[in-house]
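Engineer: Sequence:
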Amino acid sequence: MASLNPNEFMQQAVAVLGGAVGVVYLSARLRVPAVVGLVLSGMVIGPSGLGWIEDPQQVEMLAEIGVVLLLFIIGLELSVDQLRELGRPFLLGGALQAGLTFAGAAALAMVWAPSLRTAIFAGMAIVLSSTAVVLKLYDQRRETHTPQGNVVLGVLLFQDFLIVPMIVLTPVLAGTTEATAGELLLRFAGALGAIAAVVFVARVVMPVVLHQLVALRVRELFMLTGLLICLGTAWFTESLGFSLALGAFLAGILLSETEYSHQVVADIVPFRDVFASLFFISIGMLVDLSFAASRLPLLISLALALVVLKALAAFLAVRLTGYPTRIGVIAGLGLAQIGEFSFVLMEVGRANGLLLGDGFQILLVSAVLTLVITPTLVHFAPAAGEKLSRWLNSPPDGLGPNREELNGHVIVVGYGVNGSLLCRVLSEARIPYVVLELNSETVRRARGQGVPIVFGDSTRPDMLHHLGIERAQAIVFAISDAQALERSVPLSRRLAPSIAIIVRTRTVKEIEPLRALGADEVVAEEFESAIEIFTHVLERFHVPRNVIRAQTRVLRGEGYQMLRVPSERRQVSTAVLDALEAGTTDVYRLPTDGALAGRTLRDLDLRRHTGATVIAVVRGEESYANPSADQVLEDGDCLVLVGGHSEIDDAFQFLDRSADGS
553 MASLNPNEFM QQAVAVLGGA VGVVYLSARL RVPAVVGLVL SGMVIGPSGL
603 GWIEDPQQVE MLAEIGVVLL LFIIGLELSV DQLRELGRPF LLGGALQAGL
653 TFAGAAALAM VWAPSLRTAI FAGMAIVLSS TAVVLKLYDQ RRETHTPQGN
703 VVLGVLLFQD FLIVPMIVLT PVLAGTTEAT AGELLLRFAG ALGAIAAVVF
753 VARVVMPVVL HQLVALRVRE LFMLTGLLIC LGTAWFTESL GFSLALGAFL
803 AGILLSETEY SHQVVADIVP FRDVFASLFF ISIGMLVDLS FAASRLPLLI
853 SLALALVVLK ALAAFLAVRL TGYPTRIGVI AGLGLAQIGE FSFVLMEVGR
903 ANGLLLGDGF QILLVSAVLT LVITPTLVHF APAAGEKLSR WLNSPPDGLG
953 PNREELNGHV IVVGYGVNGS LLCRVLSEAR IPYVVLELNS ETVRRARGQG
1003 VPIVFGDSTR PDMLHHLGIE RAQAIVFAIS DAQALERSVP LSRRLAPSIA
1053 IIVRTRTVKE IEPLRALGAD EVVAEEFESA IEIFTHVLER FHVPRNVIRA
1103 QTRVLRGEGY QMLRVPSERR QVSTAVLDAL EAGTTDVYRL PTDGALAGRT
1153 LRDLDLRRHT GATVIAVVRG EESYANPSAD QVLEDGDCLV LVGGHSEIDD
1203 AFQFLDRSAD GS
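Take 553 as the starting number for the sequence shown in the working numbering and just add one per residue.
No lab work stands behind these hints: they were computed from the structure.
Careful: at least some of the hints might be erroneous.
[Unchecked claim] Taking lysine-lysine and the DSBU-like style, the derived pairs with C-alpha atoms no more than 30 Å apart in a straight line are:
hint	residue 1	residue 2
1	K688	K939
2	K1061	K688
3	K1061	K939
Remember, predicted model here, so these are calculated numbers, not experimental data.
Could you put together the complete structure from these sequences and hints?
Structural biologist: Right, dumping it as structure tokens:
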């Protein structure tokens, strides 16, 4: 890039950005992940494509910054609390997936790899899946908070932790780092000292510095400081003989413990996206299209073999973690691709001589092909999981000796926040219930607390029979898995035609489809929270509680129709709107140690000072409607006020001042 004059640099920049915009636009229209679109754009404008960029090294310097920022953001977003919540999926599931995939991939690579070192390196690169693509697809399908979403997130986070060690080990594996045992020990001790210095600065110095910068309220200064920390730490670790990626990842991990980490992420993300896009484009430029075309059947076969290998390894890992077959299949197919950070590792391997010529091209093109078919795999995964689960027909988990005695009970599907709260209420009301849960760790913990809980999948008829659905009074679905609900609700209706089916869902657009499937009541979280918000707002304006309750009944009684169809809003709530416009009432309780006791309503003259009127005085269990002006007030009396919004506000302020003696 240093050899380019400004005019040539601008031409190259326009070529890169123009080609990327066009190809990524087409990719988005075809629902191809953005990462794939960026790689394809590099292939199109690269040396073997249109030739707009003849030398990929012209953008590699900027691409290197993209890698550094990617790892910095990963470090920032890794939370100890998040890892603790994921537990088994992270530690056990991630370790099993990595180990099984590495063993199978390294063995497969021996077919074409020129050496054992290259095969081992290829196995390392194939272990990684695509965090960006998988989580984006899961978010679009509203599966982020489902059992498969949790286990996939745990495995992906474990892979994120593997990235930096793999990058650091690659030169050692290639044999490019040669030293005696004493030199290696000294270098290791020096590295530990350097890391200790970085930790000290990050824990002791940086919070003070960031606090001072935040106090200045200069956004540009804070943003530049975040970039300085990221790039500076990366440069420092590279100067010690390690990689840029290690320093960036370490800086992110350390800053994640500060209270300013979220703001740093918000400021750095735009830079990360731009430079990371250049990295993926540069990877696409390295693809030799003539080579890929001449060996397309081989590359497609290898890509399919890798998908099968990764899907099978992930399926076994998830099953061994304690999840049922259906979740194992969905998670396995979701993790079956080779991820974006494998490209980072491939570049490091190529630079160190582990992947040269055909080997680099074979692995690179195969990785791109696995990313291309990922949306299709994720789409068909739920159906495949259900079919395999039925075919295997594994026996349901045992509930205990009292299972047959359940009659007129409630089946609660999901033991999260909503499910556990419902179970607590049912227990206090002496209503029998049984819980169905897919998280084995949750089942173990709940059983230790005496909760009647079963490990299993609500999409399986034998599991619902096992819970006595034919004798149950109601079944409540407190889960976030939309695909599971689409199968479980009609299944429950078919097995028990008279049972009450109550479903919790996240969005209001899912209400009508779930009712059509057989649900009696559907509670949408997004509009229940909206109702809660408007209730607090109306209370702040002293709207009578009976009017608020009437408005709430209208919303729920119409199945949220008032909110979903704006044109009907006025017609549905005309009576309520009239009540809102007529005036408001509220209650003011006199403090027990104030200056109002012994005074009369005439003394206060509330109407003249504020415009509000006292229409009743409530004292204990007695009430005095339309009190006279000579009504003497006592400590703890409640004054019922009527008036407009501003008049009620003024009355509260006036009474507060009077109670303080001012």
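Engineer: Mind listing which of the numbered hints don't hold for this structure, in increasing order?
Structural biologist: none
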